[in-house]
Amino acid sequence: MKRILPYFLSGKTSALIALPAFFCSLWLMGCETLVDDLDRSRLPTSTSKLVVECLLSPQSDVIRVVVTESQPLFGPASYSPTFIARASVVLSDGEKEIAIPYVDSTFTYTVDSGRFPIEAGKKYRLSVSDGVRSVTASCVVPREVIAPRDYELDSLPVSDNPGARRFRLQFRWDDPPGIKNYYSVFGYATIREAVYNPDPPAGEPDTNYHYRQHILQHDVRGILVSDRNLDGTTFRSPRYELSLYGYHVNPSGPGEPAFFSHPTIARIHYEVRNLDENYYRFYYAYNNADNDNPFVEPTLIPSNIEGGLGCFGAYTTGVLDVEL
Amino acid sequence: MHRSIYVIFFIATLKCLSAEAQEKITLNGFVRETGSLELLPGVAVFLEDSPYGTATNNYGFYSLTVPRSDSAIVHFSFVGYERTTLVVSLLADMKMDVSLSPQDALEAVVVSEKKQRDKISESVQMSRVEVPIGQIKKIPAFFGEKDVLKVLQLMPGVQKGTEGQTGLYVRGGGPDQNLIILDDATVYNASHLFGFFSVFNSDALKSVELVKGGFPARYGGRLSSVVEMNMKEGSKEKLHGEGGIGLISSRLTLEGPWGKKKGSFLVSGRRTYIDVLAAPLIARQQAGSNEKVRPGYHFYDLNAKMNYDLDERNKLYVSGYFGQDRFSVRVRSAYDQNTSGLRWGNATTTLRWNRLISQKLFANTSLIYSHFNFNVFSNQQERYNGQVTDEFSLEYSSRIRDFSLKADFDYYPDTRHALKFGLQATAHRFTPSALVVTGNFEDTDIRAKPVQSLETGLYVEDTWQPVNNLRTNIGFRLSAFQTASKTYWRPEPRLSAALKLATDFSVKASYAQMNQYVHLLSNTGLGLPTDLWVPTTDKVAPQQSGQVAIGLAKDLNRPDLSISLEGYYKDMRNIISYKEGASFLSIEGENANEIDWEENITAGKGWSYGAEFLVQKKTGRWSGWVGYTLSWTQWQFPELNFGKTFYPRYDRRHDLSVVGIFEVNKRITLSGTWVYGTGNAMTLPIGRYTVFGSTVSEYDQKNAFRAEPYHRMDLAIQFHKKKKRHERTWEIGLYNTYNRKNPFFYAIDSKEDPANSGQQVNVLTRYSLFPVLPSVSYNFKF
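The listed protein sequences correspond, in order, to chains A and B.
Under our numbering, the final residue of the first sequence carries the number 324; numbering is consecutive throughout.
Under our numbering, the final residue of the second sequence carries the number 782; numbering is consecutive throughout.
Incorrect hints may have been included.
Claimed, not checked - Computed list of lysine-lysine pairs in DSS-like fashion (alpha-carbon distance at most 27 angstroms, straight line): (1) B:Lys539 - A:Lys180; (2) B:Lys261 - B:Lys724; (3) B:Lys666 - B:Lys721; (4) B:Lys137 - B:Lys666; (5) B:Lys618 - B:Lys500; (6) B:Lys360 - B:Lys119; (7) B:Lys206 - B:Lys261; (8) A:Lys180 - B:Lys605; (9) A:Lys180 - B:Lys644.
Stated by the list, open to error - Residues from chain A that keep clear of chain B, each with C-beta distances beyond 12 angstroms, as calculated: (10) Ser92; (11) Val185; (12) Phe186; (13) Tyr196; (14) Gly255; (15) His269.
As the list claims (entries may be wrong) - Just the calculated beta-carbon pair ranges, DEER-fashion: (16) A:Arg125 - B:Lys539: 38 to 48 angstroms; (17) B:Ala704 - A:Ser60: 33 to 43 angstroms; (18) B:Asp700 - A:Gly178: 36 to 46 angstroms.
Simulated from the structure, these hints should not be mistaken for laboratory data.
Yeah, the Cβ is synthetic: ideal placement off N, Cα and C, and Gly gets one too.
Isolated chain A (complex conformation) (with noise of 0.2 angstroms):
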């Protein structure tokens, strides 16, 4: 180096034939490897925390809360979550309170909720400790229970598909002005179809009928929502399409008939949930988690769990089943 510079500085052209073992020796050195770990030092630390799941609602049979505990990045590759078994893990409204028991089976707290009745409209407080880790969290169960108004069913043709029909099938409901609301939406179609049976059992009826269940799907912006900007309107939910093409058997014989199964709808079931706020943020930033995306800004999920994570949330459920 010291003898290649003063020949770079007088220009002496000569000099050039000492550059290709100078940018061999340059380029080797930089082509040592470029992915590096960095020291456990830099790395951000933490520790494991309480996970606590438990969504309260009033039309729900059973009071459930999971418990496990989250695990630093940092540490051991593998991870399966951990339930704690052997936690105190308490309920109250302010007015009394019970003390859920662990169940193994369903390595989950549970408990009837007829021993402890979750009411609409009231505040409940949810505290949980391993012996070692405590947290507490609080939630008001929403006061309306917001049924789907009507709804909307149409079906058309397929072409090229005889028989074969597309229905579009869409739910109303009415927000109630003046509070924030917060819904998330379910439903399934019970699909009813002939099954073919040419040679039924004396006594049988001639024609069995399947039954299915289609669940109405939806990317997570049509079926969780909020009345932000839209307080006392008139929802939509997503216009659900679905495709019934049956099955066509040929005549088996000459004069015999044609069997074509005829799908069709027989029973819709939608479901309108009103979610309290924290279980609407919670869920909104659960389903759009795509951490994996390196093009997508990762997605913080928010936690109501106080020293904790997880969600502590309430809903009520309005229902519409119209047999068709």
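Following the hints, put chain B in place on chain A, whose structure we already have.
The following block gives chain B in isolation, referenced to the frame of chain A:
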């Protein structure tokens, strides 16, 4: 105390009025470069031993109204050129065109005895950065590719993003908050090769100026900075050429006169050839394989400009920029073929008409077209016996198209006033995203509706010198943006003042309000073409900022240095960001028939403050600068980080740049840069847990983790030689000389625990991009 201030003010005003009362004449003309007759913007024109002075506008025109005098000494001074001094009789209005000769750096040492007027303490404008193009060509560059934007990153108050990227982060602003103008046309995506090179070919540029605060009213439309670049017009003397051959690309510029030297032209092109060089190697490697993979990447750009003097008062210019990047991979076998890739590019065209209406009034009218297109494509063909049996294709695109009309007037009514006023109207058409899928699946045609909008700006500014020691620039801009059903009107007051406290020493202050009607949605902050430009709409309000800056400016004669210290505070409102979990291709839902990008964004506010220090030497055997920035930037979005404030990714506490150029002799130039910057703020998971059946990551605060600091040294040496018909320069450079492993990104990996064999532990792995990289290039001009 108060009384004495009033007395001083009264005397100053009387002095001023008595000067105004004298009979005046107007001196005006154009300043050109000797030989090429290239018009020179920013040349200081002033009378010796008087407070009267001005500077040429972007078209080299000046007008100076001064008291009548039998004999006056007029100086024309510009960095990089020999100063011209004329003794004239100012008895009547006169037109005086002047030519300045380019100054050899070594000769500049000799002439530096002559006092240069291009002093920061004399200018009312603060927060302005100018780098002579000649200097840019001497500063070490990545793979030897000289890059204007990367040189601007070396200035205080301007930060780079990630390793190698050309994006500018000015005073806490994002890379979309810079108004990048090339010959009056806005350039939307100013980068090639995924942000590693800017689209500007320095051979075609005449001037580069960055304004980061105290914005004059003639600029509007972005919050954080204005980067104004003007292309060379081309030599009117004879045919000249300039070019270079590098490791990545080669370039060639030709310029010359036409139309009996009434006009000139310039054509400059650049293309990368790594794909051409690699093709035979890839083909050889795949010889005998059933599947042929053919990756390809190239970019090119072409600058062209023509001008013509219609007569002494009228000039016409046509200029254009066209550039495109194309990255593709083709995989072919006997049974199928897949071709996928990305294409993106800018095209701008400007038609300008300069008219000298009177000795005191200069007008420029421009018609401008600007277009940006980004496209992702994929085509899959199934084949049997050479016939295509099935085909599927996908095409995603995002486009912006602007048509603008701009009229600018420079009016010099008297000695102490210089007015600029004008208007600009731009019709935007944004197509933020369009996805077309055809083939054996159900055809999909998902297009965000093109959004049409009209952006207008009306401005007036007056550079006013009420007393000899005080210069002000008072301006007002009224901007408006019309969407489908709403019009946003935004008044933007601007004020700058410079008070001369002593010889070559000024204190300056400025205030500027800015509005931005187009926004860039970026997930990565890398300046990738996937970043989405979106307009202000009925739901998405314009971004706004207010910036206050104060500073000190000092010029030294020996050594010839400019020193500035500035402090600023900027607040930003309605800045937008993707919501957590959203990205540019968020097309979900079975029945989506329209992409609503507005649902994917969230608006918030931010603020930035800091101090910047710059010592700069623009001429002489030694030149360069030292710049240091101490700054804080914070954001607050109701929907991000649970509504709490956080540091954005490019908040940088310390940023230091040292740039040195040393002309050893006429044949050798040495140069070096060293940069240091605090690490980026990043969001890292700290734990994981299972809730409602899914395992999710636990995060601390958003961007709570700091990456390791970035530092790097680059060196270059140039060997110049004048040959019989041309001049050649060999340049040898070293990027990242001491092989610092700067972080490009971090990832969480698992490895065997050295302390506990058999157990895997998670580690944080740093991925660096560039080790020490030598480069060599050959440049020539004739």
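For each hint, the structure was consulted:
| no. | hint | verdict |
| --- | --- | --- |
| 1 | B:Lys539 - A:Lys180 | 21 angstroms, holds |
| 2 | B:Lys261 - B:Lys724 | 25 angstroms, holds |
| 3 | B:Lys666 - B:Lys721 | 8 angstroms, holds |
| 4 | B:Lys137 - B:Lys666 | 16 angstroms, holds |
| 5 | B:Lys618 - B:Lys500 | 22 angstroms, holds |
| 6 | B:Lys360 - B:Lys119 | 25 angstroms, holds |
| 7 | B:Lys206 - B:Lys261 | 20 angstroms, holds |
| 8 | A:Lys180 - B:Lys605 | 25 angstroms, holds |
| 9 | A:Lys180 - B:Lys644 | 22 angstroms, holds |
| 10 | Ser92 | 23 angstroms, holds |
| 11 | Val185 | 14 angstroms, holds |
| 12 | Phe186 | 14 angstroms, holds |
| 13 | Tyr196 | 29 angstroms, holds |
| 14 | Gly255 | 40 angstroms, holds |
| 15 | His269 | 20 angstroms, holds |
| 16 | A:Arg125 - B:Lys539: 38 to 48 angstroms | 39 angstroms, holds |
| 17 | B:Ala704 - A:Ser60: 33 to 43 angstroms | 37 angstroms, holds |
| 18 | B:Asp700 - A:Gly178: 36 to 46 angstroms | 38 angstroms, holds |
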